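So the chains spell out like this:
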Amino acid sequence: MRDELTLRLQLECTLFFEANPYTLESVQGLALRLGRRPDHLETILGRLVELAILERLGEGQRAIYRYIQPAVAADSDLEWARP
Amino acid sequence: MNLVSSGIDGFDDILNGGIPRGSTVIVEGAPGTGKTTLGMQFLYNGAVREGEAGLYITFEELPEQLYRDMAAFGWELKRLEKENRLRVLCMSPGLLLEQMTEPGGLFEQLLKEIGCRRVVIDSISLYRYDAGERENLRQTLYGLRTVLRKHRLTSLLLREETEQSGGEPPFENYLFDGVVRLALRPHMGKFRMRTLEVLKMRGRPICEGEHAYRILDEGIHVVPARSMLEDVALLKQSDQVATGIGRLDQLFGGGVPRGTVLLVDTNSKANYKYLVGAIVASHLHQGDKLLAMLSSFNTPGDNERLLALYGISMADKAAARDVWYIEQYDRHYPEAVQPQVLDASCLDNEAYRSWQREKLFPILKEGLEQGRRWFLYYDLNTIFAERGRDYVLKTLPSETAMARSYGMTVMLLCNFSEIGEETSSFLERTSNAVVRTWVDGAYQFAQVTKSPTGKISEPLLVENVAAYPFIRLV
Chain V
1 MRDELTLRLQ
11 LECTLFFEAN
21 PYTLESVQGL
31 ALRLGRRPDH
41 LETILGRLVE
51 LAILERLGEG
61 QRAIYRYIQP
71 AVAADSDLEW
81 ARP
Chain D
1 MNLVSSGIDG
11 FDDILNGGIP
21 RGSTVIVEGA
31 PGTGKTTLGM
41 QFLYNGAVRE
51 GEAGLYITFE
61 ELPEQLYRDM
71 AAFGWELKRL
81 EKENRLRVLC
91 MSPGLLLEQM
101 TEPGGLFEQL
111 LKEIGCRRVV
121 IDSISLYRYD
131 AGERENLRQT
141 LYGLRTVLRK
151 HRLTSLLLRE
161 ETEQSGGEPP
171 FENYLFDGVV
181 RLALRPHMGK
191 FRMRTLEVLK
201 MRGRPICEGE
211 HAYRILDEGI
221 HVVPARSMLE
231 DVALLKQSDQ
241 VATGIGRLDQ
251 LFGGGVPRGT
261 VLLVDTNSKA
271 NYKYLVGAIV
281 ASHLHQGDKL
291 LAMLSSFNTP
301 GDNERLLALY
311 GISMADKAAA
321 RDVWYIEQYD
331 RHYPEAVQPQ
341 VLDASCLDNE
351 AYRSWQREKL
361 FPILKEGLEQ
371 GRRWFLYYDL
381 NTIFAERGRD
391 YVLKTLPSET
401 AMARSYGMTV
411 MLLCNFSEIG
421 EETSSFLERT
431 SNAVVRTWVD
441 GAYQFAQVTK
451 SPTGKISEPL
461 LVENVAAYPF
471 IRLV
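First to last, the sequence lines map onto chains V and D. According to the working numbering, the first sequence holds residues 1 to 83 in order. According to the working numbering, the second sequence holds residues 1 to 474 in order.
Because the hints were derived from the structure by calculation, they are not lab data. The structure presented is a predicted model; accordingly, all values stated were derived computationally and were not measured. Hints are supplied without guarantee of correctness; some may be wrong.
[Stated by the list, open to error] Now the in silico label distances, taken between C-beta atoms and shown as ranges:
#1 Phe191/D <-> Ala52/V: 51 to 57 Å
#2 Glu59/V <-> Tyr129/D: 22 to 28 Å
#3 Gln65/D <-> Ala52/V: 23 to 29 Å
[What the hints assert, rightly or not] So these bits of chain V aren't anywhere near chain D, every CB distance computed over 10 Å:
#4 Glu4
#5 Arg8
#6 Leu11
#7 Thr14
#8 Arg37
#9 His40
#10 Glu42
#11 Gly60
#12 Ile68
#13 Ala71
Ideal Cβ placement from N, Cα and C applies to all residues, glycine included.
With these hints in hand, go ahead and build the complete structure from the sequences.
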């Protein structure tokens, strides 16, 4: 697969999990939800696991992927110090 | 019984309190009936109002769509997820089953993580495609029910409409604890009405029939059938006399409110004597004075026996001058009662009006001056037969208005089928409460079609019972 296509699928998967953070799916299930081919997704999901974006539970065809939510503070209030 | 509030306005009333905790309930309906909204409302209000965390499992619809759709009702699902009060889980049906049965699997981990008490699965129809054979499907759904029950999760299982009209109900209806059906019915030609019906709920008495619901800004709102506006002003100022007929008292908000006009419509086959007996007796037991006009079919002897059945001696009441009878037919009354009989036979209408003013009203006035209350029991059929329809239409409004103004309770007996639709609706308008009773086939029915509480009933079966009040409405 070309780099450009790989990056596109990586982004697509990441955005999908970001929007649906409590998804638990196999490669087959994700392929169905994303409208992609399972053999294309397999490599991409492996890469996202390496990047600690996803967690893989189980092995082979029975492996399930789930999102690791980034530990960032989304709602912080900033206050400028007065001179 | 430990009940869970559904979080849906009006729905708990239909379930007489709520869903039994730990029940697995199917919610079925065609597309657009609001199954998803109902499911999410159950979880959202469960978390917000009851402090019970919930899990929404979607097989097809993506959570991001649900977050968007539910925001229209002001439900911030993501906030609840952040607070560990909700999870919108997206997975395939097979995977859910696999994880549910896995010891310490993801399903159990998730329940523990949020302290989950409620679950919605959207939708179990997907298992029909997954399981293939009917037997496999039964086992799959049986397994699902077992796990949900084991964890004591109150669960709604959404299902696409399956049953064809007149067809056999799907086996899930036997397997699960409850079945609720949402439907869109044609209404007044060009409109559609949303209806909710509880077909089954183990361990709960339910309000049968279809109940209308609307999807409002704040979610689903069910209006239990046979609800009308209650006459708050009337109920506030009057006390009630319990008849002992449980269902009737319940519909009247405790009993027949004093100072009201109650109309009993009965067809020729129906036996109304216990209904009338219980109501008359309850007022006499409460110390009311009785002024009665008996029907041509009900002799004074019958009346004496009926009152005796309810523990009232007609002779004693007559001796205390607590009962009076207006007699239109010159019939014979028991010796002890004769001084209390007011003979109105052989009087034409004009003479009858004068007789009422000169003879009757002073008796009523005297009772009121003694601080006593009056209960008036009038057989309207007799007045129709003896004095004519025009007389009734002309005099009844002023007579009932006068009675009400003095706090008297009036019970009118009538046969609607004999007097025609126009006169019937006039009488219904004049009355505060209407009870109809009729015989259909092998059963007698009774129905409250108007009441000061605004509650009206479905046709209830009339059953004789051995003990007081000798009648039960089922």
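So, going through the hints one by one against the coordinates:
1. Phe191/D <-> Ala52/V: 51 to 57 Å: holds, 55 Å
2. Glu59/V <-> Tyr129/D: 22 to 28 Å: holds, 27 Å
3. Gln65/D <-> Ala52/V: 23 to 29 Å: holds, 27 Å
4. Glu4: holds, 26 Å
5. Arg8: holds, 19 Å
6. Leu11: holds, 16 Å
7. Thr14: holds, 14 Å
8. Arg37: The claim holds: Arg37/V sits with its nearest Cβ about 17 Å from chain D, beyond 10 Å.
9. His40: Given that every Cβ of chain D is farther than 10 Å from that of His40/V, nearest at about 19 Å, it holds.
10. Glu42: The claim stands: Glu42/V keeps its Cβ more than 10 Å from every Cβ of chain D (closest is about 17 Å).
11. Gly60: holds, 14 Å
12. Ile68: Non-interface label stands for Ile68/V: nearest chain D Cβ at 14 Å, farther than 10 Å.
13. Ala71: Since the minimum Cβ distance to chain D is about 13 Å, Ala71/V lies beyond 10 Å and the statement holds.
The structure fails none of the hints (numbered hints given earlier).
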